[in-house]
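These protein sequence lines are chains U and Y, in that order. The first sequence lines up with residues 1 to 237 when you count with this note's numbering. The second sequence lines up with residues 1 to 250 when you count with this note's numbering.
Calculated from the structure, these hints are not laboratory results. Among the clues, some could well be false.
Stated by the list, open to error - Calculated cross-link-like contacts (lysine-lysine; reagent style BS3-like; alpha-carbon spacing at most 30 Å): (1) K19(U) to K27(Y); (2) K209(U) to K87(Y); (3) K250(Y) to K85(Y); (4) K80(U) to K85(Y); (5) K180(U) to K137(U); (6) K93(U) to K162(Y); (7) K209(U) to K18(U); (8) K31(U) to K18(U); (9) K151(U) to K180(U); (10) K149(U) to K31(U); (11) K80(U) to K250(Y); (12) K250(Y) to K151(U); (13) K162(Y) to K31(U); (14) K123(U) to K162(Y); (15) K162(Y) to K176(U); (16) K31(U) to K209(U); (17) K250(Y) to K149(U); (18) K162(Y) to K96(U); (19) K27(Y) to K18(U); (20) K96(U) to K180(U); (21) K131(U) to K162(Y).
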Amino acid sequence: MGSPSLVVSHVSKIVDDKKILEDISYTFYPKNIYTILGPSGSGKSSLLRLLNRLDESSSGEIIFDGQTIDSYVVCELRKKIGYLFQTPYLFEKTVKDNFLFADNTVSNSQMLELLAQVHLSQKMLESSVEKLSVGEKQRVAFARMLLTKPKILLLDEPTSALDPSITEAFEQFIQKITIKENLTTIIVTHSPEQAMRFDQTGILIADGKIAESSDIKSLLENPQSDAGKRYKARELS
Amino acid sequence: MNNPGMTEVLFSLILVAIAIAISRFWKINVEKDIAIGSVRSFVQLVAVGYALNFIFDLESVWLILVTLLVMALVGAQAASSRVTKIKSPFVLILFSILFGSFVTIGIMAFLNIITFEARYIIPLGGMIIGNSMNASALSMNRITSDISSNRLTVETALSLGKSWRESSALYFRDAVTTGMISILNSMKTVGLVALPGAMTGMILAGADPLDAVLLQIIVMYMILMAVAVTSVVVVELTVRQLFTVHHQLK
Ligand SMILES: Nc1ncnc2c1ncn2[C@@H]1O[C@H](COP(=O)(O)OP(=O)(O)O)[C@@H](O)[C@H]1O
Ligand SMILES: [Mg+2]
Chain U
1 MGSPSLVVSH
11 VSKIVDDKKI
21 LEDISYTFYP
31 KNIYTILGPS
41 GSGKSSLLRL
51 LNRLDESSSG
61 EIIFDGQTID
71 SYVVCELRKK
81 IGYLFQTPYL
91 FEKTVKDNFL
101 FADNTVSNSQ
111 MLELLAQVHL
121 SQKMLESSVE
131 KLSVGEKQRV
141 AFARMLLTKP
151 KILLLDEPTS
161 ALDPSITEAF
171 EQFIQKITIK
181 ENLTTIIVTH
191 SPEQAMRFDQ
201 TGILIADGKI
211 AESSDIKSLL
221 ENPQSDAGKR
231 YKARELS
Chain Y
1 MNNPGMTEVL
11 FSLILVAIAI
21 AISRFWKINV
31 EKDIAIGSVR
41 SFVQLVAVGY
51 ALNFIFDLES
61 VWLILVTLLV
71 MALVGAQAAS
81 SRVTKIKSPF
91 VLILFSILFG
101 SFVTIGIMAF
111 LNIITFEARY
121 IIPLGGMIIG
131 NSMNASALSM
141 NRITSDISSN
151 RLTVETALSL
161 GKSWRESSAL
171 YFRDAVTTGM
181 ISILNSMKTV
191 GLVALPGAMT
201 GMILAGADPL
211 DAVLLQIIVM
221 YMILMAVAVT
231 SVVVVELTVR
241 QLFTVHHQLK
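Same shape as in the complex, but just chain U (with noise of 0.2 Å):
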C-alpha cells in the first residue's frame, strides 16, 4: 500500500469537561478515499477540525508525511490539508478574486480550467459571489482549495447541496483527482448512497469514538458494532 500520507494515533479532544473525540487512531494512504459516516453531532467535523489543526487536540498525535503535524508552520501545513467547509464561504466580490485570495499567481486559463472541471460556466468567473447559488459556492470553495495544491482533502458534506446530476459528475471528478494527483481524500457524508458510490472505505463515528471501519459495503450491509447496526437501521430502512 505504500507509506501513510496521515496517521492518526489516539488522538482525544476535550472542549469544557466534554468529550467531542475519544481515542481515535487510524491510518489514511494516498489515492484512496475515506467516507466518514456518523449521526450529527458524533464529532466528524470536530475531527476534521483536528487534521488541518483549525483546532488543537487535548491528547495524541498527528503525522502528516511522516511528521507530526506540530513540526510544520501551520500555514503551510493547512495549505497541504485542504479543507473544504460544511457551510462553504466566499470573500467579496468575484469568484476570480477568492482564486486569487488562495493563489495570487494563478492565470487566468487556470482559472478557467478549474471552473470546467467542476462544472461550471467559464463565464462565472467574473461573476459576483452574490449571485451564486449554493450549491455553486459549495463547487467555487472546492476549486479555490484545490489552489493551495493540497496532498489531503478534507471534505465537509461538500455536496449537500448540489443537484443529484451534478452531485455524481462532482465526485467522478474527486476521484478522478484523487488518483491522478496522488491525494488522500476524507469526505464526511450524510449520504450512504453516496459513500456506496465512492465505494471504498467507511469510518463510522458515533459518540466521538470510531466505532467501526471497513469497506463501506459491509459496514452498511452488515455492521459488527452496536452504532453501526443503529445507523443501518436508522438510515438503511
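Following the hints, complete the assembly by docking chain Y with the ligands onto the known chain U.
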C-alpha cells in the same frame, strides 16, 4: 467679562435652582440627580483646581508624570468597564493609552511645540487621555465583536493557509477606523457647528481669537495622532488575544 470669582459662582446657583424648579413643576423627578450632580461637580472641580495650583507651583517633572499616570489609570478603568467580551481589558487599554499619550506628548515636547511645564502638559494630557480612552474602548469592542461574529470568514482564510494577521486584516482596519471616527468627524465640522473647548476657554479668558485658533489646530492634530496610535496599539494587542500562537481562532 472679568474672570469669575466665588460671588459669580454663587449667583450661578440660581441657574441650578431654575433647573430644579422645572423638574419639580413638570414632575420630571430629576431634582435629586440635579442636586447631587451640581454638588459633585462643584467639589470635584474645586479639588482639581487646588491640585493643579499645587502641581503648577511645584514644577516637578516627576509630579507631572505621576499626574499623567493617574489620569491614564482612571481613563483605562473607565474604558475597560465599557468592554464586555475580553477577559482582562484593563492592562491592554492602559498600555495603549500610555503609549499613545507619551509618544504624542514626547514628539510635541521634542519639536518644541509645547514646553514641558505642568501648565501645558497636564491639560493637554487630559485631552489626549480622554479621547484615547473613548477610542480604545470603541476599537476594542469593535474588533472582538467583528471577529466573533465572522468566525466562518476568518476560519475560511485560515484554512487556506493565511496567517491570523491576513485573516483578520479587514476587521483590523474597521476597528482602528472606529476608534478614530470621532476625531475625524469633528475635524470636518470644527468651528462651523460649535467652537471646541480649548478655543472657547481661551476666548472667554480674553485671548485673541486667532491665537485661540492656532492653539486649537495644534490640539486637534495632537488628538488625531494620539487616537491613531492608541487605536492601532489596542487593536494589535486585542487581536492577539483572539488567536492562539498556532493561528487558531480561540
Ligand atoms: N467549539 C465547541 N465547543 C463546544 N462544543 C463543541 C464545539 N464544537 C463542536 N462541539 C460539540 O461537539 C460535538 C460534535 O460536533 P461536530 O463535530 O460538529 O459533529 P458532526 O460534524 O458529527 O455533526 C457536538 O456535540 C457539538 O455540540
Ligand atoms: Mg458536521
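(request) Determine which of the earlier numbered hints do not hold for this structure and return their numbers in increasing order. (result) 1, 2, 4, 8, 19
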